[in-house]
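Asker: The lines below spell out each chain.
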Amino acid sequence: MTDCFAGAVAERYDRATAGEPVEPVVDFLVPFASSGALEFAIGTGRIAVPLAARGICVAGIDLSVDMIAQLRKKSEAIPVEIGDMTTTRVDGPFSLVYLVFNTIVNLPTQEAQAASFQNAVAHLEPGGCFVIEADLLPDGQPWSVFDLSDTHVGIDQYDVATQRFTTYHFRRLPDESWERLSVPCRAVSHAELDLMARLAGMELRERWADWDRSPFTAESTKHVSVWQKT
Amino acid sequence: MTDWFAGEIAERYDKSTAGMPVEPVVDFLLPFAGGGALEFAIGTGRIAVPLAEHGVRVAGIDFSPDMVAQLRQKTDEIPVAIGDMSTTRVEGTFSLVYVLFNSINNVTTQDGQVNAFANAAAHLEPGGGFVVEVGTLSTQPLEVFDLTDTHVGVDEFDAATQRLVSHHFSLVDGEWRRHSPPFRSVSHAELDLMARLAGMELRERWADWDRSPFTAESTKHVSVWEKPLGRGA
Chain C
1 MTDCFAGAVA ERYDRATAGE PVEPVVDFLV PFASSGALEF AIGTGRIAVP
51 LAARGICVAG IDLSVDMIAQ LRKKSEAIPV EIGDMTTTRV DGPFSLVYLV
101 FNTIVNLPTQ EAQAASFQNA VAHLEPGGCF VIEADLLPDG QPWSVFDLSD
151 THVGIDQYDV ATQRFTTYHF RRLPDESWER LSVPCRAVSH AELDLMARLA
201 GMELRERWAD WDRSPFTAES TKHVSVWQKT
Chain D
1 MTDWFAGEIA ERYDKSTAGM PVEPVVDFLL PFAGGGALEF AIGTGRIAVP
51 LAEHGVRVAG IDFSPDMVAQ LRQKTDEIPV AIGDMSTTRV EGTFSLVYVL
101 FNSINNVTTQ DGQVNAFANA AAHLEPGGGF VVEVGTLSTQ PLEVFDLTDT
151 HVGVDEFDAA TQRLVSHHFS LVDGEWRRHS PPFRSVSHAE LDLMARLAGM
201 ELRERWADWD RSPFTAESTK HVSVWEKPLG RGA
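Read top to bottom, the protein sequences are chains C and D. If you count by the working numbering, then the first sequence holds residues 1 to 230, one letter each, in order. If you count by the working numbering, then the second sequence holds residues 1 to 233, one letter each, in order.
Read the hints as simulated data drawn from the structure, not as lab findings. Quick reminder that beta carbons are idealized off the backbone N, C-alpha and C, glycines included. Some hints here could point you the wrong way.
Footprint (simulated), chain C over chain D, 3 or more residues, beta carbon under 8 Å [stated by the list, open to error]:
1. 137 to 145
2. 211 to 221
Not everything, but these chain C residues come out facing chain D in the computed CB check (under 10 Å) [unchecked claim]:
3. 110
4. 137
5. 159
6. 191
7. 199
Label pairs and their computed distance ranges (CB to CB) [stated by the list, open to error]:
8. C/102 <-> D/148: 39 to 49 Å
9. D/139 <-> C/17: 27 to 37 Å
10. C/102 <-> D/139: 13 to 23 Å
11. D/148 <-> C/152: 44 to 54 Å
12. D/178 <-> C/178: 55 to 65 Å
Please take these sequences and the hints and turn them into a complete structure.
Answerer: Now the structure itself:
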């Protein structure tokens, strides 16, 4: 797999996500994490570092060496395995495995997404939970613009038959030149995730529209779901 | 469970579906049916009767006694068990199990649809195929799917639950009647996972019975999952 988070992406990741909520995520996760938490795609530790600051024993898996280098500037205490979240193992088990910020779609096939559920369950103690924050399926438009500013244009190109999509970022650099970055992804429905959980021996315990436990409805644009190892 | 095909729905079913293709469906199914065919939601035998006329041993499962009464007016040769396709068993194994024309959507929960795949696999011999014809996942909360002088069709869809209600307004004997059966819309990607839960894998996916390519523009699909040959086979 290609590391889409290498180099400059990793360097500016925390700044680019500075507006994203942290405390509501940590508040949601803490009650599940009494026997330790494993974050898939831990990245720069945007969530893991404040979770560890609450006294939780946190470990992580990430594909990107450069993202982990950012995490290491904040903490040496969080062990991280470099590798992909479908196969990489760490010492456990944990009462919580979690995967936030729609990162499941970075696994570009249904097979790989299903394998990440198998890997989650392999790290969970019985009764432990797997928490995912993910978007819903796109509306089926082949192209959609999700951001348009003076310094950044974001475009998704989507194929409803394969559910594959490519996210294109056009970003203006400090020298006024532009760079293009494309990331291959696969959109996934909440209903599909429930079946992947079932294949892995888990069942749905909670589903919310957001970290504040607002109700999940047909108007929701994302979901926070909790599956429990049976 | 409610029988949404009782009474006059069953009585006028063949007339209301008279424009639907039959031969392309039968032509597609025949090569799979060498070891016999089982139809889930066999109904009035719209497909099963012509398939049996090609020399295939056909059996069926259907929830609606009134629909099967229509089938019985055509033939006594096709055995049918009354019950839902998620749990009802018939005798024997088959090289083909099939469910057409969105009938998998008549199973209104994901659990029920998962069980329908498990039930199909239980009736298949190793190497057998499960063929499903169904529309792609709904996307619009409200969608008009038909508008003629005698029929108006409106689909109402909830994206959170994938529950779909098809409201049919039909002009019958000078009177408008409403019929609103519930369904569960399901994506092809979900069906692949249901197949996997049942130990089957995708073998073919087409946009229609003519084996045209399935693309982002397709509004339905014809999919074939295979029950693997057993170890040592």
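Asker: Evaluate each hint against the coordinates.
Answerer: Right, here's what the structure says about each hint:
Closer than 8 Å: that is the beta-carbon criterion, and the region 137 to 145 of chain D has 3 residues meeting it against chain C, so the requirement of 3 holds. Proximity of the region 211 to 221 of chain D to chain C, defined as three or more residues with a beta carbon under 8 Å from a beta carbon of that chain, is established by the 4 residues found. With a cut of 10 Å, the hint placing residue 110 of chain C at the interface with chain D holds, because the nearest CB-to-CB distance is about 6 Å. Of the supplied interface hints, the one on residue 137 of chain C holds, with its beta-carbon coming within about 7 Å of a beta-carbon of chain D, less than 10 Å.
Interface hint status for residue 159 of chain C: upheld, as the beta-carbon distance to the closest one in chain D is roughly 5 Å, under 10 Å. Taking 10 Å as the C-beta cut-off, the interface hint given for residue 191 of chain C holds, the closest approach to chain D being about 5 Å. Interface hint status for residue 199 of chain C: upheld, as the beta-carbon distance to the closest one in chain D is roughly 6 Å, under 10 Å. Distance hint check for residue 102 of chain C and residue 148 of chain D: the Cβ-Cβ separation is about 43 Å, which falls inside the suggested range of 39 to 49 Å.
A hinted range of 27 to 37 Å for the beta carbons of residue 139 of chain D and residue 17 of chain C is consistent with their spacing of about 30 Å. Between residue 102 of chain C and residue 139 of chain D the beta carbons are some 19 Å apart, a value that agrees with the proposed interval 13 to 23 Å. In this structure the hint that residue 148 of chain D and residue 152 of chain C lie 44 to 54 Å apart at CB holds, the actual value being about 49 Å. In this structure the hint that residue 178 of chain D and residue 178 of chain C lie 55 to 65 Å apart at CB holds, the actual value being about 57 Å.
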